[in-house]
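Chemist: Chains as they are written, first to last, in our numbering: chain V, 1 to 367; chain U, 1 to 367; chain W, 1 to 367; chain A, 1 to 367.
Just so you know, these hints were derived from the structure itself, not from any lab.
Even glycine gets a Cβ: it sits at the ideal position worked out from N, Cα and C.
A few of these clues could be false.
What the hints assert, rightly or not - DEER-style ranges, computed between Cβ atoms:
#1 A147(W) x E73(U): 24 to 34 Å
#2 A193(W) x A153(A): 42 to 52 Å
#3 S96(U) x N279(V): 46 to 56 Å
#4 E100(U) x D37(W): 19 to 29 Å
#5 D167(W) x E38(A): 55 to 65 Å
#6 D318(V) x G317(W): 25 to 35 Å
#7 K54(U) x N279(V): 46 to 56 Å
#8 F171(V) x M40(W): 50 to 60 Å
#9 A35(W) x D169(V): 36 to 46 Å
#10 V275(W) x E97(A): 17 to 27 Å
#11 S96(A) x H43(V): 32 to 42 Å
#12 D146(U) x D318(V): 45 to 55 Å
As the list claims (entries may be wrong) - Below, a list of computed lysine to any residue pairs in the SDA-like style, where the Cα atoms sit at most 20 Å apart:
#13 K325(A) x E261(W)
#14 K315(W) x I152(A)
#15 K54(U) x A153(U)
To be verified - Part of the chain W face toward chain A, derived, beta carbon under 10 Å:
#16 Y95
#17 V149
#18 R170
#19 F171
#20 I225
#21 K228
#22 N241
#23 Y276
#24 K308
Here are the chains, one letter per residue:
There are 4 protein chains.
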Amino acid sequence: MSMNSFGHLFRVTTWGESHGPALGATVDGCPPGVAVDEAMLQHWLDKRKPGQNKFTTQRREPDAVRILSGVFEGQTTGTPIQLMIENTDQRSKDYSEIAEKFRPGHADITYWQKYGIRDYRGGGRSSARETAARVAAGGVARAALDALVPGIAITGYMVQIGPHKVDRDRFDAAQIEQNPFWTPDAVAATEWAEYLDGLRKSGNSVGAVVEVVAKGLPAGLGAPIYGKLDTDLAAAMMSINAVKGVEIGEGMAAAELTGEENADEIFMGNDGQPVYSSNHAGGILGGISTGQDVVVRFAVKPTSSILKTRQTITKSGDASEIITKGRHDPCVGIRAVPVGEAMMACVLLDHVLLHRGQIGGNRGAIG
Amino acid sequence: MSMNSFGHLFRVTTWGESHGPALGATVDGCPPGVAVDEAMLQHWLDKRKPGQNKFTTQRREPDAVRILSGVFEGQTTGTPIQLMIENTDQRSKDYSEIAEKFRPGHADITYWQKYGIRDYRGGGRSSARETAARVAAGGVARAALDALVPGIAITGYMVQIGPHKVDRDRFDAAQIEQNPFWTPDAVAATEWAEYLDGLRKSGNSVGAVVEVVAKGLPAGLGAPIYGKLDTDLAAAMMSINAVKGVEIGEGMAAAELTGEENADEIFMGNDGQPVYSSNHAGGILGGISTGQDVVVRFAVKPTSSILKTRQTITKSGDASEIITKGRHDPCVGIRAVPVGEAMMACVLLDHVLLHRGQIGGNRGAIG
Amino acid sequence: MSMNSFGHLFRVTTWGESHGPALGATVDGCPPGVAVDEAMLQHWLDKRKPGQNKFTTQRREPDAVRILSGVFEGQTTGTPIQLMIENTDQRSKDYSEIAEKFRPGHADITYWQKYGIRDYRGGGRSSARETAARVAAGGVARAALDALVPGIAITGYMVQIGPHKVDRDRFDAAQIEQNPFWTPDAVAATEWAEYLDGLRKSGNSVGAVVEVVAKGLPAGLGAPIYGKLDTDLAAAMMSINAVKGVEIGEGMAAAELTGEENADEIFMGNDGQPVYSSNHAGGILGGISTGQDVVVRFAVKPTSSILKTRQTITKSGDASEIITKGRHDPCVGIRAVPVGEAMMACVLLDHVLLHRGQIGGNRGAIG
Amino acid sequence: MSMNSFGHLFRVTTWGESHGPALGATVDGCPPGVAVDEAMLQHWLDKRKPGQNKFTTQRREPDAVRILSGVFEGQTTGTPIQLMIENTDQRSKDYSEIAEKFRPGHADITYWQKYGIRDYRGGGRSSARETAARVAAGGVARAALDALVPGIAITGYMVQIGPHKVDRDRFDAAQIEQNPFWTPDAVAATEWAEYLDGLRKSGNSVGAVVEVVAKGLPAGLGAPIYGKLDTDLAAAMMSINAVKGVEIGEGMAAAELTGEENADEIFMGNDGQPVYSSNHAGGILGGISTGQDVVVRFAVKPTSSILKTRQTITKSGDASEIITKGRHDPCVGIRAVPVGEAMMACVLLDHVLLHRGQIGGNRGAIG
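Next comes chain V alone, as it looks inside the complex (with noise of 0.2 Å):
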């Protein structure tokens, strides 16, 4: 079946390689009647767009979507939607070593042991360039999720690079915008600068966590036992090049918690609707939303292409050594913000359909 597709009603597919004549994403099942033009998806691209600061790769592209069908007048009319980007600053020369030797912690020998054939140019299809049209796709997933769950809020921002941690004390929204790295610990921004700027003179680079909070979400969305909410999420997330972990809530550290701890309690709120003491759970119980802020963490390797010497071998097996030359972000958790935004909008967007279609929308309610 389509392995470059995820989603079930609303179904994404994407195509291209790092430096083909353009890459894009065939968006199938989007409801009709949703207003959307280029420059609604563009903001998002232009968020995740490459060499806007020092600390992302400096290969410089417009990154200008275009939207070649399922769109009339504005709106869309329930057809394949398809978003195309074209490869403008390729620069192949750069990465002529590659062809022959395999970059250890990277895709290469993967790619050439599967398929006995590949696209090496900047990493063909395995470069993080194909999460720009993840990014388009997620712009069309917000647009119909405003539509459809009005009030709806999905913000992602990095809690940590390297060994540094934000301080959830310091935990400030407003500064999410306004720094290089999306994250909302003003203080970490200064300390991190100062960090990656070392990293990245040295020619190495470091791994960080992301985290994707959804705010405003009805209770009731995921489909157990396994198309669960989390479970969609954990793949969505670890469908992102070089994500590693992925964690809902409490994460990895719900292991150390007592049943007593864990337990977020129920009340019931003002509005008729159940709160909850806590949430630990991250907004999913038994892979269905509670209504609570759905949170996903997801923890980013480190670029593997270096300027460091490494040891590995050629397509002819023979010993050798490499060092990345070109450009290359020191840190690429960084641009995986908006990827991960993306990941969870076409997410949602997805079982709201799923659900309005199985259950109708219509029960369930509380008292």
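We have chain V; now place chains U, W and A onto it with these hints.
Modeler: Coordinates of chains U, W and A only, in the frame set by chain V:
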């Protein structure tokens, strides 16, 4: 689509509630000619079976699996394999209170909010009993893997319970079958027994971390971009009841590594296959297996059915409190070990079949 | 993927062999709150049940269906519904010869060539007995449709047996339940009885054409381009054993019409809904329902198990001949009538749920 | 799920409207290492291209296909192949009237009723132009089939136009490329030209029957019960615009045969493969290929855009009449021939990959 199914070519659909007449798994896409019988599957079910020691629920049932279709004269025929386990020890009366009240931290409330009706007996569909069907299906997957990938070995074990982690220096695979926690650290096993006994007596529960490792895999398994091996493993593990986090290789700790530290250096082995200086990647690069051990960890939250009083509400929305009597696991993570193994087996078989179908299995040699 | 499943949101997986312990259907995606019980499903199974008259196989079994999951206190819960039918009258000895020889016109040889193993008893998985599971699942679909689309009516009947067609001028729906052929033409029923009796006595068999009509559908059902309502109906009917052709509306005869003749003219009805001057389209335009009757026909080939001597080969490739003794249908098309109704019900429910999920059901009014 | 996609392992998603900037196909699951280039695909598109003679629409465009991804240095890489065809000759003004009125027999009204919005220009998504994307994707499928099943040949041709059928005794494959109808009967070609010219001048249109045959297939392709080879072929052909009926082998005529007549007798061939005395089955038994020619026929209804006045209604529900001016096919069935071939190629490749994945391709020898 089928939200109670997982897998692409090897597809498992589980069905059944905790206190219905039976539960089971419909297994579709198993290759023909694989030797399978009920005793073979029962071996894995017995490993998961409750009531084996004081650290798991005292509910006692044989969990005897019957093969109703798809196996003829001891071999799979390539047609659907129906695996049925009858529920024999139900004691519905134990569960009468939760018909009206929602257990904090449990799926009671979200199932109600989504469906407007639920089989509340023993948690119904959201009960951990559903995992018995996964273990049975995993037994079929193991049998097929043994036939297709001779020498493959899948082993799960506990590495943390509450705040107490194993000491990796004391790792001894031979210990895993020797203690009620399936832990490779004999010293930890002793300490955990005392710790957990105290929790059990106080009517409390605690979380845990389970690690599952697959050895002897070929390189090349995994289907980028959205059917990556790690994506499917993350979804499979996150779909297990009570799981809140999933890690591949370094997992969340990858955030703290530099590119230099994280890049597993590559050399040629004597057998003409690549070997690596380390396995930070957990055996997966770009979503495709490297041939190293595939290493997955997941965190299981504490059981929410506890003897501690918690604040909650009723179906009518009235404030109330609840103490869950009855037979419960102080650490449901223990029984999650064979479940994690089963999910690993199903995902790996699925990707072996996918690779054979889409690539043909004869490409990508190095040297 | 699951090759024994059909449907998108309402997904049915059938399992089981003719002479195994049982067969059944795993029904996933049924909305919650639908009144379903075993008696309701048994009604449809009894209609299909063999041995009711001399024109169907004399194999006699109750074909009693059991609901093992997904229904609680008489209502569906939104979780998988497991429907099991035990095989009670098996007489394996009747089928010993076909273990070695392939019946011409039967799936014996292709199952062997594909799988290299087959449960040859009674045709195993390729037996028409599999359709009992479809009829049970169709009963669930009918119950859900009645709840979601009040007034919908699905009726199947025979319009041709061998060379003998019904006279449309004698069409009387009241006759359908009055004869062993479920034909609306009482005169044909009498003629067919004599004709078929002769064939039966001579040990021969014959084909038939079945028509299934759905009345009372809303406009707008169907999901272009590849999930069209007619596409899914064609697949559903062609998947029934022995079906070799499927028609929508005019069907193959559409080739003979001019554009002027074929274009069903459109007018407004008194109820503010469009009405049409004719229904050449069979209620479907561009893969989407028009609100007219949906009309599907399919041809069933003659039973290949006959008492006539035919040339064949053995598993060893030796020339041989075969006469299939045992209990067989002179016209398997008769029992295909309730099966066609069941497939229609499943496809329609699926598209009602899809439309509700992707469109929301509140668009596209005319005037 | 993706309603604009078809196929299991080889999955094609088409996108685009008749008068948007472009349309195309996203092709996922093509094996790596297959030689593919634009010229190879253009060959098949040119065969379908309109405006080649007076019997097809005079709309003239190059229909030039561009490969945007998935092919590197002339070979497929196993990643998604994006095929784009730009729309160059659009003349939107020709289509202004149908913005308000619904053409009888056309999808205009149902798209409006389903989506509440439609790109009415040239039929938008429901235009036969969408089939250009299928033909491009079919070209990729043909290339992969040639590599995997050497000697396979897929040929489509017209066997009926209006009431006029070919004479099977005059069947001459060499004639197919020699006339504008792709018919194997030279005499029919002459008669049809005169007949169709008269229809064209009167502003009318007519239906047709297309037959597509695949030679050189192995036995064993097809995935019972719901992914049968004939099931998937029926769905593929019924999904083509204007198709109202699909037949395999004897098709609807199977109803008139006795079991004795229908049973293709089996013998052993000199090459150790089974041979058959006839092919009533159309090369498929129990949904699995026998190794004989796979024979599929489908009926195409007449074009609904005609110069004859028909009664209809407007979007406002007012009575009206319509004459569709502009450039149309007097027999759209002609251009359906290469489309039918393309669908056959896609379905067969898909089942070759499925068989390889689930069975491994090395079982089921006879003798």
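Chemist: Indicate, hint by hint, whether the structure satisfies it.
Modeler: How the hints compare with the structure:
no.	hint	result
1	A147(W) x E73(U): 24 to 34 Å	violated (44 Å)
2	A193(W) x A153(A): 42 to 52 Å	holds (47 Å)
3	S96(U) x N279(V): 46 to 56 Å	violated (29 Å)
4	E100(U) x D37(W): 19 to 29 Å	holds (25 Å)
5	D167(W) x E38(A): 55 to 65 Å	holds (57 Å)
6	D318(V) x G317(W): 25 to 35 Å	violated (51 Å)
7	K54(U) x N279(V): 46 to 56 Å	violated (33 Å)
8	F171(V) x M40(W): 50 to 60 Å	holds (56 Å)
9	A35(W) x D169(V): 36 to 46 Å	violated (55 Å)
10	V275(W) x E97(A): 17 to 27 Å	holds (22 Å)
11	S96(A) x H43(V): 32 to 42 Å	holds (34 Å)
12	D146(U) x D318(V): 45 to 55 Å	violated (35 Å)
13	K325(A) x E261(W)	holds (18 Å)
14	K315(W) x I152(A)	violated (26 Å)
15	K54(U) x A153(U)	violated (29 Å)
16	Y95	violated (16 Å)
17	V149	violated (15 Å)
18	R170	violated (19 Å)
19	F171	violated (18 Å)
20	I225	holds (5 Å)
21	K228	holds (6 Å)
22	N241	holds (8 Å)
23	Y276	holds (8 Å)
24	K308	holds (5 Å)
Checked against the numbered hints given earlier, this structure breaks hints 1, 3, 6, 7, 9, 12, 14, 15, 16, 17, 18 and 19; the rest are met.
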